[in-house]
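Assemble the whole structure, with the sequences as input and the hints as a guide.
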Amino acid sequence: MKFAMPQLLTLTCALAHFRLAHSYTSFVVRGRSASIHRLFSSVTESELAKDSGSNSNDNEESFSIYSREADALSKIKSPFLQTLRDRGFLHQCTGISELDAKLCEGTQAAYLGFDATADSLHVGSLLQIMILRHLQKSGHKPIVLVGGGTTKVGDPTGKDESRAMLTEEAIQKNIEGISSVFQKFLVFGDENRTDAMIVNNDDWLSELKYLQFLRDYGTHFTINRMLSFESVKQRLAREAPLSFLEFNYMILQAYDFLELYRRYNTILQLGGSDQWGNMVSGTELGRRIEGAQLFALTAPLMTTSDGKKMGKTANGAVWLNSSKLSEYDYWQFWRNTADDDVVKFLKLFTELPLEQIAELEKLQGADINKAKIVLADEATALLHGKECLPVIHETVKTMFAGSGESTESLPRVVVETTDLEKGMRLADIFVDLGLASTKKEARRLIQGGGARLGDSKKVEDESAMLTLADFGDAKEITLRAGKKRAGVVELK
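Numbering (mature numbering (1 follows the signal peptide of the UniProt record, and there is no 0)), first residue to last: -23 to -1, 1 to 469.
If you're looking for bench data, these hints aren't it; they were derived computationally from the structure.
These numbers were taken from a predicted model, which means no experiment stands behind them.
Each hint should be verified, as a subset may be incorrect.
Here are the simulated distance ranges between beta carbons [unchecked claim]: (1) K435 x R215: 39 to 47 angstroms; (2) P330 x R421: 52 to 60 angstroms; (3) Q333 x D450: 43 to 51 angstroms; (4) L191 x R421: 46 to 54 angstroms; (5) Q333 x K434: 37 to 45 angstroms; (6) I350 x D438: 30 to 38 angstroms.
DSBU-like mimics (lysine-lysine), calculated; alpha carbons at most 35 angstroms apart, straight line [unchecked claim]: (7) K161 x K150; (8) K52 x K285; (9) K186 x K321; (10) K339 x K186; (11) K161 x K469; (12) K321 x K114; (13) K416 x K452; (14) K186 x K286.
Every residue gets a Cβ at the ideal spot worked out from N, C-alpha and C, and that includes glycine.
Structure, rendered in C-alpha cells:
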C-alpha cells in the first residue's frame, strides 16, 4: 500500500502517540513527580515492563530513589560538584556518583551551548555562565559552544511559535556580541589545560551530508520520544505550528555532544532544566556510537520569589553587554532584588564565601538593604569590574540626596544643536536612552507621571519636545524615569 506524504506523516504521528502511552516510567525526585521517557528505538517491551514496575511498589521505589540520590549528594568529593550543591546550582544529573569520580581523576572538559539569537546575552543566562566559571576555578576546562548552526534551525523549547529566520550576517554579529560576555567571566587561551575555548557548531553541522546523517544517526531516535518532550507537547496542544526544521533541533543538539566528545574528549554537558531531554539524548547517543560514558547536568530555571522568570523587567531585558545596558542600570537591577531572593542570589551570582552570606542572611527589616547593596556591588563587579563601583555609588548618592550630579555611569545620547532647532520628541529620547523599551512604554511613563526633565520638571505631554531652551547654559540635561533610573542628553 502506498501513502502520500501527508497521509504518511499522519499515520506516523498516530502510531507515535499510541506508543507514547507505553514508553515511560514515572518516579519522584526531590519530592516532585518526574517522567523519564524512553529515547531510543531498540528498547524492548520487556525492558519497558521491567522499568515501569507495578503500581503497588510506586511509593517504595520513589522513596528508595530519593534516598539513594540524597546519599550520593552527601558523599560528593569533587570541588566543582560540592560548589554546585552547596550554592544551589544542582538540579538534575545523570550518574552523579560516576561523574564525581571522573572529576576527581583530573581535568575534564565540559560544555554549555548558547544559540546566537540576539547580539547580547541577558541576566537569564548568567546562572549558566557562573557554572562555567566555577567549573574552571575547580580545575576543569570550560567549552562555550555558540550555535552558529543550530540557530539556523531554532530551538522550540519554551516557544509559542517558530523563530524568525536570521541571515548569516546577523548570526555572525550575534556570535561576536555574546562571545564578548564570556571574556569577562572566563580565562581563555591555549597554554593551560583549564583554559576556556569557544567553538561554533556550524563548523561541523554545515559539513554534514543529509542522507548519510540520517543513516548513521537517525535510526537511534524515535518520533514518539520527540513528541514526549514538554516543549513539543505544549505546542501541539495549542495547535501552534512546529516546523520540521525545529523538530530536527533535538537531534542536532545530541550530535553536538558526540562531536565535542570526539574532538575534545568532552564528557559533560551543562544546561538549564528545560534542556534535560535533549541533553540526555546526547549522553545516550555517545554511548551507542562511541561506547562513551557521558554526563548531563542541569541547573534549575531561575525564577524570582514571585514566580517570574529572570532576565527581564518592566523596562525590558537586563542585558549583559554595557552597550545595551549601562553599568548603573545593571547595578540597580540587583539593588532592587526582592527581600526573599537576596540570599539565594548572593549564593548564585556572587563568589562571596558561604559563611559571609550566612551573616548577611541574619539582617532583618531595613538592614536587608545592606545585603542588597553587597549583592549589587559583587554582581556588577564580576561583569563590569570593580572600577565602576565608585562612580555608581556617587551617582546613587547624588540622585537621592538631590545635591550635585555625577552622570558618568548613566546612559547617554549625543545630539546636535541643529537637531534641537525644531525640537526632538522626548518620548523618543526616553527610548534611545533605554529608559523605555518602546515608544508605547515611553508614553505610558509620561501618562503615569514618572517622566521628568532635570530634577523637578515633570513631562506631562506625550508629544512634548526637547529644545535648546531646556539646556540653558548647560551642555547636558538629565532625563529621569521614576526615582531610580536616569539618562543624559549631551549637547554637541
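**Study point:** Holds or violated: K416 to K452, with C-alpha atoms at most 35 angstroms apart
**Key:** Answer holds: K416 to K452 is near 26 angstroms, not above 35 angstroms.
Check your understanding: Within a Cα-Cα threshold of 35 angstroms, do K52 and K285 meet the stated pairing?
Key -> 34 angstroms, holds
Check your understanding: At the C-beta level, are Q333 and D450 separated by a distance inside 43 to 51 angstroms?
Key -> 48 angstroms, holds
Exercise for review: Confirm or reject the claim that I350 and D438 have a C-beta distance inside 30 to 38 angstroms.
Suggested key: 37 angstroms, holds
Review point. K321 and K114: Cα distance at most 35 angstroms?
Key: 21 angstroms, holds
Check your understanding: Would the pair K161 and K469 pass a check requiring their Cα atoms to be no farther apart than 35 angstroms?
Key -> Judged against 35 angstroms, a Cα distance of about 32 angstroms means the pair holds.
Check your understanding: Quick one, are K161 and K150 close enough, alpha carbons at most 35 angstroms?
Key -> 18 angstroms, holds
Practice item. Return holds or violated for the Cβ distance of K435 and R215 against the range 39 to 47 angstroms. Key: With Cβ atoms ~44 angstroms apart, the hint holds.
Review point. Lying within 52 to 60 angstroms: is that true of the beta-carbon distance P330 to R421?
Key: 43 angstroms, violated
Check your understanding: Given the hinted pair K339 and K186, is their alpha-carbon gap at most 35 angstroms?
Key -> Outside the cut-off at roughly 60 angstroms; violated.
**Study point:** Satisfaction of hint between K286 and K186, Cα-Cα up to 35 angstroms
**Key:** 39 angstroms, violated
Review point. Between Q333 and K434, is the Cβ distance one that fits in 37 to 45 angstroms?
Key: Roughly 44 angstroms apart at Cβ, these two residues keep to the hinted range, so it holds.
This entry does not satisfy hints 2, 9, 10, 14, going by the numbered hints stated previously.
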